[in-house]
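Visitor: Listed here are the chains, written in short residue letters.
There are 8 protein chains.
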Amino acid sequence: MRRDHVRDLLHQVANGSLEVSKALDALALEPVESLPFASIDHHRSLRQGFPEVIYGAGKTPQQIAEIALRIVSRGDGLLVTRLAPAAAEQLRATISDIQINEVARTAYLAGTEPAPRGTGTVTIVTAGTSDLPVAEEAAVTLDALGNCVGRITDVGVAGIHRVLAKHDELMSASVIIVIAGMDGALPSVIGGLVRAPVIAVPTSVGYGAAFGGIAPLLTMLNSCAAGVTVVNIDNGFGAAVAASRITHS
Amino acid sequence: MRRDHVRDLLHQVANGSLEVSKALDALALEPVESLPFASIDHHRSLRQGFPEVIYGAGKTPQQIAEIALRIVSRGDGLLVTRLAPAAAEQLRATISDIQINEVARTAYLAGTEPAPRGTGTVTIVTAGTSDLPVAEEAAVTLDALGNCVGRITDVGVAGIHRVLAKHDELMSASVIIVIAGMDGALPSVIGGLVRAPVIAVPTSVGYGAAFGGIAPLLTMLNSCAAGVTVVNIDNGFGAAVAASRITHS
Amino acid sequence: MRRDHVRDLLHQVANGSLEVSKALDALALEPVESLPFASIDHHRSLRQGFPEVIYGAGKTPQQIAEIALRIVSRGDGLLVTRLAPAAAEQLRATISDIQINEVARTAYLAGTEPAPRGTGTVTIVTAGTSDLPVAEEAAVTLDALGNCVGRITDVGVAGIHRVLAKHDELMSASVIIVIAGMDGALPSVIGGLVRAPVIAVPTSVGYGAAFGGIAPLLTMLNSCAAGVTVVNIDNGFGAAVAASRITHS
Amino acid sequence: MRRDHVRDLLHQVANGSLEVSKALDALALEPVESLPFASIDHHRSLRQGFPEVIYGAGKTPQQIAEIALRIVSRGDGLLVTRLAPAAAEQLRATISDIQINEVARTAYLAGTEPAPRGTGTVTIVTAGTSDLPVAEEAAVTLDALGNCVGRITDVGVAGIHRVLAKHDELMSASVIIVIAGMDGALPSVIGGLVRAPVIAVPTSVGYGAAFGGIAPLLTMLNSCAAGVTVVNIDNGFGAAVAASRITHS
Amino acid sequence: MRRDHVRDLLHQVANGSLEVSKALDALALEPVESLPFASIDHHRSLRQGFPEVIYGAGKTPQQIAEIALRIVSRGDGLLVTRLAPAAAEQLRATISDIQINEVARTAYLAGTEPAPRGTGTVTIVTAGTSDLPVAEEAAVTLDALGNCVGRITDVGVAGIHRVLAKHDELMSASVIIVIAGMDGALPSVIGGLVRAPVIAVPTSVGYGAAFGGIAPLLTMLNSCAAGVTVVNIDNGFGAAVAASRITHS
Amino acid sequence: MRRDHVRDLLHQVANGSLEVSKALDALALEPVESLPFASIDHHRSLRQGFPEVIYGAGKTPQQIAEIALRIVSRGDGLLVTRLAPAAAEQLRATISDIQINEVARTAYLAGTEPAPRGTGTVTIVTAGTSDLPVAEEAAVTLDALGNCVGRITDVGVAGIHRVLAKHDELMSASVIIVIAGMDGALPSVIGGLVRAPVIAVPTSVGYGAAFGGIAPLLTMLNSCAAGVTVVNIDNGFGAAVAASRITHS
Amino acid sequence: MRRDHVRDLLHQVANGSLEVSKALDALALEPVESLPFASIDHHRSLRQGFPEVIYGAGKTPQQIAEIALRIVSRGDGLLVTRLAPAAAEQLRATISDIQINEVARTAYLAGTEPAPRGTGTVTIVTAGTSDLPVAEEAAVTLDALGNCVGRITDVGVAGIHRVLAKHDELMSASVIIVIAGMDGALPSVIGGLVRAPVIAVPTSVGYGAAFGGIAPLLTMLNSCAAGVTVVNIDNGFGAAVAASRITHS
Amino acid sequence: MRRDHVRDLLHQVANGSLEVSKALDALALEPVESLPFASIDHHRSLRQGFPEVIYGAGKTPQQIAEIALRIVSRGDGLLVTRLAPAAAEQLRATISDIQINEVARTAYLAGTEPAPRGTGTVTIVTAGTSDLPVAEEAAVTLDALGNCVGRITDVGVAGIHRVLAKHDELMSASVIIVIAGMDGALPSVIGGLVRAPVIAVPTSVGYGAAFGGIAPLLTMLNSCAAGVTVVNIDNGFGAAVAASRITHS
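Residue numbers (the working numbering), protein chains in the order written: chain D, 57 to 305; chain L, 57 to 305; chain S, 57 to 305; chain U, 57 to 305; chain Z, 57 to 305; chain C, 57 to 305; chain Y, 57 to 305; chain V, 57 to 305.
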């Protein structure tokens, strides 16, 4: 709860315009809407610039639809990630103009007020074609949060000239999200080329000793290019939010 | 980019036969063809003797077919690995004379020029029948890259005489690829018998504490026979390329 | 190599002021100084705003001192991390006015030109007293890279009011570095409180199933607060560089 | 075997009311009913206050039904966990008034005597909606064992005010079961707020480096709030039994 | 912060006995004493019945001594765990009547008011002699927190009669802490014998595939005796606090 | 190859009854029958008392059937493990009087000569009903190899009296195979009760931190009962062969 | 407790030669001697043919010496393993004619009655010179337990002829203990050559991805030679006891 | 044993020039010299072109010296790796003109006949200064085995231009050994640049989540450059032998 809000409440109590019991309620009250299966945090938008995002995995289509309706009914922007096909169907039936992205597995509906714009461009770089679903999740999220998005696709380090050919584009980005599976080596190369913040996303692409993304995750945590940060495996959403924190700071 | 190519460009600029802006473009230009979902590296053939190989996992049938067409349209040889049945169908429909190998899960079409021949024979040894799909992937790749292929099948160390009976065949190989799951002990025995390079491939065959190939992977990395090298679990393709690097050096 | 540099070289060749062979050399030449045991990247300052930082682990005191002298002799700023006591002694003997920080295990000497200033304050938050060496490494690095540094110490989530009491300080930071061992839960709480970028650093503090930092590393990668990014275990240096990339972007 | 029971037997032997051979049998006899595929421990109720609970995983529907019938035929309470749909069908067909809970994957039938009541309320707290099946398994078990159950749902630490808003409810609980996936940070915060016993349950909710629950498991084992204990991943049943041991002690 | 405290403050503001600015301070003020390297939580005693315990690992002797003095100067009870010999020396020199336990690696000084007594006896059971340091840490902590302590030593399951011989003692305990390394099987046996809460502590005793305590940790998490809870490896302190939460609830 | 066989060959060469080239062939010849996908070791029976057993996993039904026919055609006993339903069908169609055991997933046909009898009884003990498929695989294998088999089912250590009640049966066994998932504690208890060899088999039964059998595997490797040996997870076959090596020695 | 002993007690009670209270004591009494830090199991010799062996790791020299004296004072044989040098000194000072083996890190003193002889020879095979300490621990233990010991040293599979040259010696063994680090492949080869029971011991010899013995442990658990059993890493003692269970059965 | 050797023996037997018993001995005799602690394989030179190399770790100085003397006394070349300082002293005292390399931790003495020369140059590339000990071990081994050695030092991918500047040198190598710790990304870049065989060596350089070399090991196994092979962590020796197998094939 914000300090100036508390100050206002206290002044109202001091000048008699607010009863103690009501101030107490206000101090205790949290802007949380409780469903039997969820506590919706309607003030997250105030705190963090975008309403609570629904993580679709492990929720039933009914649960997702109901939470979504509560958010939309307030005019807030809606974003759902990790959306299974059945839940996408349900959402389409419930909220007519919702935008489903099947590659990204997301649902999106803009709020009544546009999201504040971030500075510059967030460039998403992928090492391979198989990393595209993660890139798409990042792109949808960045867009929802008010960012310009650039893309460089399929420039793995085994063809290092493909990366170098994109030098100018890389240099002009505000933030770079680098998405790679297998050896996860791309963020090290890009981190050494640019000054901008680099957020690395390991993907579960690869087989055998890639261990579902552990190999690129470790590579990225150990990047010899200083100042590369890392998010969870396949977490395009998290990388986008991290980038958006930067472009909105 | 090759140094002699740069030298030629500079001479053309010096003698006025090439404008600065065009030389600049040429220096910047990379022989990469960009699709919305892939960057095809058409110069890999120059650099490494075979065009870019398509790794089928994580790509849609449409993506694979489109990339394949671009490669074939230049007369380059085509090799696709980890090909799912649906993608194989699509390829068969798109490129009439393509060769699908269902055990190896590969698609292959020779280029207009034959691949340069490697020296000697690459012998593929498997410890058990269950290792055959990996062996087949290696065999198809070796063949595509211009190598003679020999095979010794199902000679695990629990019947050590089966290995020893193949002594002459092993001694005459240029490179030996040893494929084993479970205890992964075969490369240690063969590596101690021969002078030739030995490339070990762990497979995900086995149960329980084989952990999807970790057990034989660790065995092979710790081989008490010096000079055995290892590739990723089930990576018959990688072993074949490594062997072909040797036979073409 | 920068594109405008290439353009200039080409123009010089075109107007005859530069011979082809010399241009060729220039294109090939890299601003790297080679010692028998190291290749010093003197252009890193141009590319990334600070000269190459010496990672002290695994290098002999003699190697560190020699590399340091080469950097200092150019007037560049010097930063050495993971400095063992013996190497610190050697540096003190070699470079008289160097600043050794024993808690941070760093050596620092400002360059002849001050580092460009970053915007705002980078606030370093630690969960416990035992995390201080990592925090100190981050602080020294941030300072060397031209950043204002704030600190909040020993505010683990088991006393959640200690965190909440620092709300205003947290809200005013440009970037927050959160350092925690054991359960690594602090970044999740702080990430949910603020809009600013949050960089989490797991430490090897803790025993038993903390596994030398794996436990907080996993916690942070799985933070339920969206947009928290993570660096390697005990990597205060990396977190500082990542923060500085943001404050200088 | 209880000491007073042995004493009685010995007295009966001493006064001739029991033959040696029968006493020997009694000492050897265990209240275990043997089926070809199971040994049912009918005295567990005496030892532990509730009959043996059937762990449904890995048993066929026929096996489950047969064991269930033996328990019910004695008038004991019946609880089955990890019940697959097919086994649930079979149980419904076999025991008419059984209560199937599909979310919890349990079957329950009260015994002829009510379970002894535990003191106070056991409050189940979940970090997210996706943790509900585990919470439900805990709730059904607690109820079967004679406990009052409270619930606080979806109060992850990324919205710390949601937790704090439940402060009074948390303070009044006898035992708190905290269920969380992903970063598993919630038990650390709650453990620092309350004096009551806190039992943490990691869930397999999350993706990537959550590793099927390893991440929250490690977080909880390393909780910086002293005195938090942990049960197996997704083990709502185990947490409930642990809580019930406390409320019945 | 407690709700009744907030209510009082608000009433004082309403009746003019407290200025807004001071109330604001009070609401913001936390009972935390800040040293440059630590934030001491003096209200933990109120919240949890015992003052903050100092975790000695990773702190310098000076830091420990300074924090200890602040706690002692308020008349609070002092407990330090994981105390290195040098820090023990420093404490002995600083606080004359402190009790150092070298096996447990603890320092203890009772507060001016005795700790509230817990109900019943907490019995500590060890599987082997090598587990004694962990048992001793638990015993010192239990004593400091106001509990009666019982002990059963060296009763591993390989001599199952040693466990059974202690049946009566086990049955009479309020809470049982079971400490075991190697196979960690003892809690499963005891958990099946008694109704009381059982807290299992894995130790790093053992070699080879005990992996520093991972083996018994996993055993205990998977205990086939329902309702056994687990704390971190070698965490005698944590088990004692967990037990004390139960005896004081 | 046996030394006396070599001696005979050499004598035949010496007395002229065998040509050098034929002796050379004989020395090189191994009693291995080569199919395109398998090398059948027909002398294993001589070396180890039972023909090569077919490990069904990873082999096609056709491959299994063809190898089986070769073995049966020589009058050798046939045993197939890890048999998928489709392969079982194919075998039934190919070899009319084959015995399929669906729980054990085995196929068996006795050889023309009975297997040599082992001494005493091999007793198979399981901790739970869910361990039965592994027990069944062990039982079928033991029977095929000529052993008497005893069984004790569902006697987990959480009901320790169930184990103790079987004391006489355990004491009379020649070899004991103990099969357990979850905490895997049963072999420690039994290993402490008996003098006979104890072979422990971890199973993949359990959830969460059982990690597919790693937990009981580690428990068993760390058994505090000396002299317990361990085989791979779910490897009932291997335990049976190990036991049979003992009963036939 | 043995059944015939119970029978005798009961008969004595029945004929009045034993009071109930004394019988009760006898039934409760266990042949366990309790020190403050240990419970010595004096009946283990009856149950398992050799008195309790002292595991030296984690015990102080004083504890070891005191336990040793209690065992020796009864005329039982004494064996201590994992004996640190300081404890060895203490033992030498306490028990004059004790035999210390520094390579094996054992102390041994024969009992007043010789250990019963096992049948045949237990042959210890090592893959390399570095495995000798583990082999020595096994040899001392085997000798103490009454077995004949054979040895084959340094016959790793990289020189497979070194193994084959020992064929006759291997064939004549009753039990074979195979000790190997690194790739741990030797038990697979030997297990395929012989019919006798094979017990594999992984050692922590090797570097890098041997991971302190995990690599050979996994190799051995996955041995393609059926019926190889495994003990803990470096556990020469355990292998010897397992072998002795076989030779005494 | 070589086939032609057997043929000769058989002819000698056939023509009476060799008795059966002597031929039998010859067939049985292996060129192995047995010490009490080692079996020296004097024929390895014949089989593999260099005598058995002594792995120094885990052997006493006395053992190493004795084995070394046996090898040197035959005029064979001597190579010892992983040589501890004490063992180096002992060797220097025993064999006067031995060459000790302290960085590489090796001892070397050329044989009376020079090692056969390999074709071309083996180029050793390191990512950082801290990788030099591993590189030095590789260089000493390559030299001992008769290879020309080239070196490129400290060219990590974070300064990609340092790698590219060495393009010509890389292109002219016969085999390239790439040594890297931390992110282990260098082999992927180099593998994509050259056609020659590339052998990757992960090192234990790095901290935190490098896990003693696991991170670069996984990176290299998952290299997106096809045909890169991998050896064990820090295994410069193994990489050199693998390279020498190629240059001598």
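Source of the hints: derived by calculation from the structure; they are not laboratory data. Check before you lean on any hint, since a few could be wrong.
So, partial list: chain C residues that the calculated Cβ filter (under 10 Å) puts toward chain Z [to be verified]: (1) 212; (2) 219; (3) 228; (4) 262; (5) 273; (6) 277; (7) 281.
Here are the simulated BS3-like cross-link-like pairs (lysine-lysine), alpha carbons at most 25 Å apart as the crow flies [stated by the list, open to error]: (8) 78(Z) - 78(D); (9) 78(D) - 222(U); (10) 78(C) - 78(V); (11) 78(U) - 78(Y); (12) 78(S) - 78(L).
Glycine included, C-beta positions come from ideal geometry on N, C-alpha and C.
Visitor: All hints, please: hold or fail.
Guide: Going through the hints against the structure:
no. : hint           : result
1   : 212            : 5 Å, holds
2   : 219            : 8 Å, holds
3   : 228            : 19 Å, violated
4   : 262            : 5 Å, holds
5   : 273            : 8 Å, holds
6   : 277            : 4 Å, holds
7   : 281            : 4 Å, holds
8   : 78(Z) - 78(D)  : 20 Å, holds
9   : 78(D) - 222(U) : 18 Å, holds
10  : 78(C) - 78(V)  : 20 Å, holds
11  : 78(U) - 78(Y)  : 20 Å, holds
12  : 78(S) - 78(L)  : 20 Å, holds
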